[in-house]
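Dock the two chains into a complex; use the hints.
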Amino acid sequence: MPADPNMKILVVDDMSTMRRIVKNILKQLGFNNLEEAENGQEALTKLKADTYGFVVSDWNMPVMMGIDMLRAIRADEKLKKIPVLMVTAEAQKENLMEAVQAGVSNYVVKPFTAETMQEKINKIFK
Amino acid sequence: MSDEMQEILNDFLTESNEMLEVLDQRFVTLESDPNNTDLLNEIFRAMHSMKGSAGFLGFNHLVDVAHRGENILNKLRQAEMAVNPAIISVILETIDVIKAIMADIRESGTDNHVATAAIASKLDDIINGTVSTAAPAAAPKVEAAAPVQETPALPPPTLGEILVNEGLASKDQVLDALNAQQHQPDPKTPLGEILLQAKAITERALDQALHKQEKQPKPAEEDATIRVETKRLDSVMNLVGELVLGRNRLIKIGTQLEQNHEADPQVRVLSETLAQLNLVTTDLQLAVMKTRMLPIKKVFAKLPRMVRDLSQKLNKQVHLEMRGEETELDKSVADEIGDPLVHLVRNAIDHGIETPAERQAKGKQAGGQLTIAASQEGNSIVIRINDDGRGIQVEKIKAKALAKGLISEAELATMEHREVLNLIFLPGFSTAEQVTDVSGRGVGMDVVRTNIRKINGSVDLESEPGKGSQVIIKLPLTIAIIQALMVEVERSIFAIPLSTVIEAVLISRSDIKTINGREVLHLRDRVLPLIRLAQEFDIPTDKERERFYVVVAALGDRRVGVVVDELRSQEEVVIKSIWDYLETIKGVSGATITGEGKVVLILDTSELVQNAQAWHNSGMAV
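So the protein lines, in turn, are chains A and B. Per this note's numbering, numbering of the first sequence is gapless, rising by one per residue and ending at 126. Per this note's numbering, numbering of the second sequence is gapless, rising by one per residue and ending at 622.
Looking at chain B on its own, in the form it has when it is part of the complex (with noise of 0.2 Å):
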């Protein structure tokens, strides 16, 4: 296959994807609109433009399930066939199979590995009315964002325009003078100029109606965007990212030969050029950082589709809302939440909301109320999931806690609300009475915030017994670049992730006490587990030395105490992946590179304070 035909398949299944996933989303609006004929029209051309492509690259197989669809959809929109569920369910399906094909695509390069004749057969009864397409009974109802309104673009209004509407000018004077205009030889005075010279309006208004004119959007500008591969923008990220490294080093070494050679004029020109590359490293950073970055409508468009089909499935009725869908988050960061987020909307459904009967007899409204809402705050992303549903009764958690054996009793007692919902996290955990085929089997959790946690974020769980719960989960912007707190260990030096340390505080070897042969400290009036790095990374010590620093290191609730010798700095540092060069270490997320060239592994404290937690736990019980 040439070049050429290889990039027009890459072209093909990109731009297919994207059509598949907002179909998703407009079928779901449909059932709730089915007269939209905008709508209907539009998702026919969707489907159609999609088979047009394939056939120019020979995907029959595609083209002929995209046309089955394609037929149905255009009785839709020319009104020959009514919009009823029992018809959306087979279109989806029809996306689904498509989906699957698309995947084929990219796996073997043709189409030949997905069965389509079911699909086929179902769309052919459709359209040979050989099943019912009578309205079953009122599917639940799902509401979706209302669809983006295309109004034609209209041509930008006229200086002339302005000032008759803005009452600057009348329209007979505007008129007067653009008929002047037109009797003037090139070049032609401008019109404004006209107006003013006839007196007809003042200089002020002039001003404010090109002020006004300059604001108006200007046509979208064409080849305005371009596609480019993720990859590329790795390299440059990881490539910006050496360039923080080497400013950083390079600043380090300034710094220093300004301290030892204050009075050579060509130091102080070599600062002031540090100075300014610090500065455009800083903006170029934020620059490439945000060519990565994607609104989070990208992993909420799966999310209606998904809330339809699992409240038919349970036979409720959810109303799906979603804000802040233009929240901009970094690719990888998107990536990674797609499934997580996925996996606490189906818990929402599945364990929150109740059926309409039994929501009804507790006074509520039959349809439950399911809020997706993002925003940013301050550095970081906050997403959080409201339901209106049961609610989680902190007895039933305190219960099953117990008697899995996951905490002690003495530990129940010392924690409030919040801590105990939030031990619905800890692995084998699950609250569901029943284990449905919908929401896992009691890993779920788990795997939510191990998988948030590995992005640098926290999940955090609230909820009112028979009013309903949130999820808030807190992403960072971006992954690839972390404040951290340098510290130091028998002259090792390691990297904290700031976001994660609550204080540091200077403590003598007496302040250490032992509990069942662990070190903690009486922090205030908190117990802290410690953690020796010197031990943790068998790092060999010289002597006990009297005074040390402990790192508060926190995570959701629980902290640890991090001990270390010293305290360095706060940097700005790049992660570096290790795990291509070294098996995985336990405790480390990352390496990174210091100013003084130093290569610094990076600490990974969630897994830090769940392994203090464990023994801390276990400790407790015995």
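Isolated chain A, as found in the complex (with noise of 0.2 Å):
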């Protein structure tokens, strides 16, 4: 199943300029329908107040790590569903396992190009 384009994406980062840029990213390939949270907990909130297709999150945020908001989501009856792809640094690549085990979709390392994200997305969503 191809992603929708009108899709509810939900792009996750504390920091706004990344939120921006990664929206950008998005609109770019087609996606308009983009809201944004500044942490895990925000995101957990927005989630179960409305339906989003797919979750863009960063994955070291305050209040709540991208991680736990993925496990918080995976045990949701409700949310469990949604593809939550991560955006990690090179850094943390050695943590990539934990995100697996805890159910991520896919993941992308910053910097990343349109293309990359277009590429992550046709994976998720095939």
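If you want a taste of the chain A side facing chain B, the calculated C-beta under 10 Å gives, among others:
hint, residue
1, 14
2, 15
3, 20
4, 24
5, 62
6, 87
7, 89
8, 111
These are computed hints drawn from the structure, not numbers from a lab. Even for Gly, the Cβ is constructed at its ideal location relative to N, Cα and C.
What follows is the structure in structure tokens.
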């Protein structure tokens, strides 16, 4: 099932510049229904309140880390099917096993291009 | 570059600069609390996030430096390396380099102009363990404000929880009611009502609980804040200023109409509408002013780092305490006060606080106390800088002022203790016996006062030898709109800022005396130098008047009498800069438009006082 361009995507990052960059890339790929959250906790609240088709999240955030948010999503009956793409830094590659075990759909290493993002999305929504 | 990319770049610069400011402060805290993992995580995250965004924007030099810094921070937070002053110094240096790179990006759009090799090798040395990371002699301790604890937001308590917690209902009663509610078809009866019906609680108890629930802080609303360019706020403020001027004019016209056509019902309706407009304009003005207010924390943020570096350099120990960081002031005032504040804090550490040995010999604690406190007092913001150092010797000031010819012996004799202290603000004065590279060369305090006066503020000094000094800065809440006394000279109108006016007196020509060719007025026990505005601004005078008004204006302890023909009114005036159109005019700080639609110059009282005092002093010295 290819990705629906109208699906609502949640971009989670504590730095507003990064949210903007990720949103900008998603827009280039034709996704315009974009929402943002500053940390895992805020993301969970938003996810529970609405229907989202995809989550792109940073790893290291205050209040609630990306990995903890991912675990909470997978543990929630209503949310567990939502694909989650983790944005990680090179240095956190070693933590990827943790993310895979927690049920991450895919990951992308910063900085990435729109093409890379497209590839990841294609893999997730094939 | 596309608009979107330009906006992202601007965002990045703003956000990174905010992070860097916080980082400085956090590092200084870290030094006194090296095992604080939360703090280390926060610092790591900031560096990490900045690196992440920089990568997307293609700033590879920045990424490189931040990456090396991040490596060390990662080791620190995972306790693979211990925090010590040597490491912190290098990381602070790293932050300085990052700041320089940010400035470069802002200027040139690239990050190629800042040398990064030196800092990179220093960071590598730490990572490779090629420098001793053993703690050197204990670093000067600086206490910064404790970091704000971020507690994860808890969901607000439910009505049931409140009732149980407050002892208004038992847990069983609430559970029973919730159970009953569960089994009801939609729409369900509210919990409170079920409890009421079951007679488990009284109506009053319910009201009490509901009230309490309402008062619970709501979870932060999303997008509760937006970033707005200062330029836009400036233009809104400017427009409000124009509106205030328009309103003032309308009210003048309305009042005249009312006097001439009292019986006309339309005029009465106009007056009512004007009163309404007046109210709304005042509210709007206040509201816009509030959008421009910043907590003074922004200005204070750079102080802990500075105090740390300086005390280390001078081998002194300084405990810095900052209070009232939430006090808000206008952005334009905040922008101007940073440098003077830095200078005063430098002075306090350089000249005020003694070395540990010197302090102990005097029976003081080895570490000096430096307190910076901000508060709002009426329409002013007051900043007090206190140190418990050696204080200032009045005799030394007197000797120096005399030696430099800044003041005459006769004048000194009449001066009070505080007036003498404030001589250090005179141009060309320095009390330091030795010029250090830390606190300027005698131009410092003069510049401090000039800058503070530029924004209509004042600065005052108090000191007790051996016990310490206090500098008190008073700043206006806003600098765009002021209360002014409108005066008339030969049919020309001038505005004098009301904050500098002490009183106005009516005098006869014969009251004016001449000393050394200069006009003065004996007002009570004071000799007041006089300034004739007509002369000051070359306004031709028809004939000598018999009676004048003298407006007594003051700045700190110095006073001057401004001779005018008439006092007109007190008005709220909007300051308009005139420097785009006119070269600097001595004694004028700007212009405004009156209710009558006339352009009026606003007098720069500080300059007038300074000029008057200068010739007054030179006259006395002859």
